[in-house]
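Trainee: Listed below are the residues making up each chain.
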Amino acid sequence: MNVGKFYNVKSVIHDISAELKFLFLVLFSIEIFFINKFWVYMIILFLILFLIKLSRVPFKLFFGNVKIVLPMILLTSGLNIFFIRQGNVVLKFFFVRITDYALNLILTMMCRIITLLFFSLLIMFTTSVNKLSQAVIYIFMPLKNFLPVNEIAMILNIALRFIPVLSNEFDLILKAQKSRQIDFDDKNIFSKVKNYVSVLIPVFILSFRRADDLALAMESRCYNPDNNKKKVLKKIKFERVDFYALIFIFVVHVLIFFLIISG
Amino acid sequence: MIKFEGISYIYNQGLSCEKKALDNINIEIDENKIIGLIGKSGSGKSTFVQLFNKLLKPTSGKIFIDKKKIGLVFQYAENQIFEMTVEEEIGFGIRKYASEKKIKKILEVLDLVGLDKSYLKKNPFELSGGEKRKVATAGILVLEPEILILDEPTVGLDLKSQKEILENIKNLKQKFNMTVIIVSHDMNVISEFCDKVVFLRDGKIIFYGDTYKVFDLNDFDLELPWTKKLAKKLVKKNFFVPENIILFNDLVEYIAKKIREKEN
Ligand SMILES: Nc1ncnc2c1ncn2[C@@H]1O[C@H](COP(=O)(O)OP(=O)(O)O)[C@@H](O)[C@H]1O
Ligand SMILES: [Mg+2]
Chain A
167 MNVGKFYNVK
177 SVIHDISAEL
187 KFLFLVLFSI
197 EIFFINKFWV
207 YMIILFLILF
217 LIKLSRVPFK
227 LFFGNVKIVL
237 PMILLTSGLN
247 IFFIRQGNVV
257 LKFFFVRITD
267 YALNLILTMM
277 CRIITLLFFS
287 LLIMFTTSVN
297 KLSQAVIYIF
307 MPLKNFLPVN
317 EIAMILNIAL
327 RFIPVLSNEF
337 DLILKAQKSR
347 QIDFDDKNIF
357 SKVKNYVSVL
367 IPVFILSFRR
377 ADDLALAMES
387 RCYNPDNNKK
397 KVLKKIKFER
407 VDFYALIFIF
417 VVHVLIFFLI
427 ISG
Chain B
10 MIKFEGISYI
20 YNQGLSCEKK
30 ALDNINIEID
40 ENKIIGLIGK
50 SGSGKSTFVQ
60 LFNKLLKPTS
70 GKIFIDKKKI
80 GLVFQYAENQ
90 IFEMTVEEEI
100 GFGIRKYASE
110 KKIKKILEVL
120 DLVGLDKSYL
130 KKNPFELSGG
140 EKRKVATAGI
150 LVLEPEILIL
160 DEPTVGLDLK
170 SQKEILENIK
180 NLKQKFNMTV
190 IIVSHDMNVI
200 SEFCDKVVFL
210 RDGKIIFYGD
220 TYKVFDLNDF
230 DLELPWTKKL
240 AKKLVKKNFF
250 VPENIILFND
260 LVEYIAKKIR
270 EKEN
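Heads up: the sequence lines are chains A and B, in that order. For the first sequence, my numbering gives the first residue as 167, with consecutive numbering after it. For the second sequence, my numbering gives the first residue as 10, with consecutive numbering after it.
It is worth saying that the hints were derived from the structure and are not from the lab. Where hints are given, some of them may not hold.
Beta-carbon label-pair distances, calculated as ranges [unchecked claim]: (1) B:I36 x A:L273: 31 to 39 Å; (2) A:F350 x B:S17: 20 to 28 Å; (3) A:D349 x B:G138: 55 to 63 Å; (4) B:G165 x A:L380: 56 to 64 Å; (5) A:F350 x B:K126: 28 to 36 Å.
C-beta: ideal position from N, C-alpha, C; glycine also.
Construct the complete structure from the given sequences, taking the supplied hints into account.
Mentor: Here you go:
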């Protein structure tokens, strides 16, 4: 499994400065809550697929991740669809009523999660953890009197680094439990839940212990976030790719804005 | 039959981080023996053992295994614990058994890994690393596997516990005709307990044969078990010791016999 690990190849997307990518990710995750038209998501998804193609990160990696999240999305939306009563009823059997409003809501919600997932994965695959945390420091530096910027960047850095580690751990423990004849394809919903608990508990315990060990290790090597503050930050270099990226972002925004207004 | 034909395994196939962990493995493993699996870290040992119970599907090649119950105790098995008592933890694999039969079985394996009855109600999370490992091992043994695979079972255990577990498994093997595969870096463990040895290097099997033979091949650059070291020193001092003697008891017997002969 390969969740959110830096994928080291050369591509235009890799070359774009981490600051710009991070800013755009933040912007995008805010914007996405204002979009509620299905066809706009189709355009965005198409654009993201185009960017993925440019990044030379195999599609396989993205879909692997969707596969993990999809059951969760389906479960939550599946529950929602039965309980939302607003709108016109389009489907009716026994006591179940499904409305057009519910369908639309759930469709956009699913699109939202999937586009956001794809986009953040794209950023994670194409930006090394170091660059990303540097970017965070850089962007939040003006706020350093109000926010512990270095600590935030450090936490982000560690969190990102440990995603692949934990996903490996999850994989390994899943296998270990399988070899104890724990059947993860069990049809009975109760044993199914119980069986997954047998993986989640060890993973949680491991990650807490990891965090504990890491804190100790950092302390014993005299980590002090305040030391970093004295470091002079490198000036960001704005390369030509960044300029093109900015234009791209701008054009896409204008385009979608007009589409929404005229649609 | 435990047979591997042209087995290769590639991690992350098709990606830039592709890694060939196993490369054209051909081997038929002897049954009802204790087999040692050795090789440097990264040579593919853990990958190899996961093929036995289909946790990994080979990238190419065929596997013929006519056994159903294959128990694999993972490296760092202490990380797999999830129940609130040792009893439930060990009994999880046989939770469908009637309670009387279950508890009998649990006590049996608890004894095999060298823990006593007082552990039954303990919280496994409060045990030491070595004890957790024992509990996890017991959780596999309780399934009565026909092939038992232990991936680095002795790392982090005190010498006495190491010996105890392995002795018990050896006895168990004799009783139930199990095939046991032990992955280990410890040549003393390998020489004392294994009938045969598989040697992996860079995903290829470069040796499969009797344990004593592997220590006589100089190009393998192995750390020798201390019985073998002693034998070699003795040979240098003109005290002949046959090269197939690697067990501690055999060595003692042989030397004692020789000394007796000289005295007479
Ligand atoms: N999940 C994995 N993803 C990618 N590569 C792996 C994975 N597991 C093992 N490898 C690689 O396969 C090779 C063999 O690993 P492994 O079977 O664990 O060796 P050993 O157990 O002998 O130390 C190593 O080079 C390792 O880096
Ligand atoms: Mg290993």
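Trainee: The hint says 20 to 28 Å between F350 (chain A) and S17 (chain B); measuring C-beta to C-beta, is that right?
Mentor: holds (27 Å)
Trainee: Quick one: are F350 (chain A) and K126 (chain B) within 28 to 36 Å, going by C-beta?
Mentor: holds (32 Å)
Trainee: With 31 to 39 Å as the target window, see if I36 (chain B) and L273 (chain A) comply at their CB atoms.
Mentor: Taking Cβ atoms as reference, I36 (chain B) and L273 (chain A) lie about 54 Å apart, which means the hint is violated.
Trainee: Given a hinted range of 56 to 64 Å, is it respected by the beta-carbon distance of G165 (chain B) and L380 (chain A)?
Mentor: violated (20 Å)
Trainee: Taking the Cβ atom of D349 (chain A) and the Cβ atom of G138 (chain B), is their distance within the range 55 to 63 Å?
Mentor: Given a distance of about 28 Å, which is not inside 55 to 63 Å, the answer is violated.
Consistency note: the structure conflicts with the earlier hints numbered 1, 3, 4.
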